[in-house]
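Listed here are the chains, written in short residue letters.
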Amino acid sequence: MAYNYEEFIRQGRLPHIWCPGCGYGIIMKSMIRAIAEMGWTKDETVIASGIGCASRLPGYLDFNTLHTTHGRSLAFATGIKLANPSLKIVALGGDGDMSAIGGNHFIHACRRNIDMTIIVFNNNIYGMTGGQYSPTTPIGAKATTAPYGMLEPDFDICKLAIAAGATFVARSTSYHALPMEKLFKEAFSHKGLSVVEIIAGCPTGYGRKNNQRTPTSMLLWQKDHAVTKQMAEKMSAEELEGKFITGVLHQDTSKKEYVENYDAITGFKEK
Amino acid sequence: MAKSEIVIHKERCKGCEICVILCPTQVLDIQDFKANVADIEKCTACMQCELRCPDFAIEVTRL
Chain A
917 MAYNYEEFIR QGRLPHIWCP GCGYGIIMKS MIRAIAEMGW TKDETVIASG IGCASRLPGY
977 LDFNTLHTTH GRSLAFATGI KLANPSLKIV ALGGDGDMSA IGGNHFIHAC RRNIDMTIIV
1037 FNNNIYGMTG GQYSPTTPIG AKATTAPYGM LEPDFDICKL AIAAGATFVA RSTSYHALPM
1097 EKLFKEAFSH KGLSVVEIIA GCPTGYGRKN NQRTPTSMLL WQKDHAVTKQ MAEKMSAEEL
1157 EGKFITGVLH QDTSKKEYVE NYDAITGFKE K
Chain B
40 MAKSEIVIHK ERCKGCEICV ILCPTQVLDI QDFKANVADI EKCTACMQCE LRCPDFAIEV
100 TRL
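Same order as they appear, the protein sequences are chains A and B. Here the numbering used here = 1-based position in the first sequence + 916. Here the numbering used here = 1-based position in the second sequence + 39.
Among the hints, a few may not be true.
[Said to hold, decoys possible] Here are the simulated DMTMM-like pairs of lysine to aspartate or glutamate, each with C-alpha atoms no more than 20 Å apart in a straight line:
1) A:Lys-1139 / A:Asp-1072
2) A:Lys-1139 / B:Glu-56
3) A:Lys-1172 / A:Glu-1102
4) A:Lys-1125 / A:Asp-1179
5) A:Lys-1150 / A:Asp-1140
6) B:Lys-49 / A:Glu-922
Treat the hints as calculated values from the structure; they're not laboratory data.
Working from the sequences, and respecting the hints, build out all of it.
Encoded structure:
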């Protein structure tokens, strides 16, 4: 039976602005299915985003949505969670939004361990502004502002999140639509800050310059280079060269959640 | 007898060809820059096209 996405989409907003073959549509579908399976109502779900291609996503969804300033979605989301802890918060943004312009908000949200889910759409480039390199562009990859190849080493967003203190960190790709949905559900049900990084393709800004000329070749590249955590444990360092590990990379339930801590100290609890 | 019914919302399709290439039985093709059902008889209702269409343009119903 065809899945009914229309129930969660604002009427008349499709087709969306993303380029033909952009993986973000696939991520949006997985997100809708995960939220529906969690049984969250439209009134208790809040989706916050910053600026960029990925951050256009909440505009299409029929939840409480917030389109904020560049990189600051986590600051707004933290405020919402503290004001009304019963709400379910999902904050999303692209790699530039979360690791460059909102980098400080990202690491400090991870450090605080506030109960919400951060979804980072990593397409290795600033897609909306014309394909400038971002902190996640791999060394040697070409971008508009790196015509001879990227010189700087790139960020690993998952390792950054683990180091900063996030209690649930996972990674998937836009090819793996069903495993991604499962990771979203795990992240949503985790108490504390969860970070899910999704590797997506930007056929327009990144693929055309880096020998991935069609959207499908980007999806198949993700399929070939993704290694699950279980498989990676059996592989040697040479075999893992150039690949990335998917699945739940880190989970820690011992750390206290920020809102509970805050309520315990101030004695101020929402009835 | 076809195993499924495929509805393509042409006004949403951007012709990215993801569905055409990922379909294991070559049911779909591109006509006038939009996805098109070429041979519904081959469809096994695996739902790959619906699952990975980024534009919410394909709906597959198992019969």
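Verification of the supplied hints:
no., hint, verdict
1, A:Lys-1139 / A:Asp-1072, "19 Å, holds"
2, A:Lys-1139 / B:Glu-56, "17 Å, holds"
3, A:Lys-1172 / A:Glu-1102, "18 Å, holds"
4, A:Lys-1125 / A:Asp-1179, "51 Å, violated"
5, A:Lys-1150 / A:Asp-1140, "17 Å, holds"
6, B:Lys-49 / A:Glu-922, "16 Å, holds"
Consistency note: the structure conflicts with earlier hint 4 alone.
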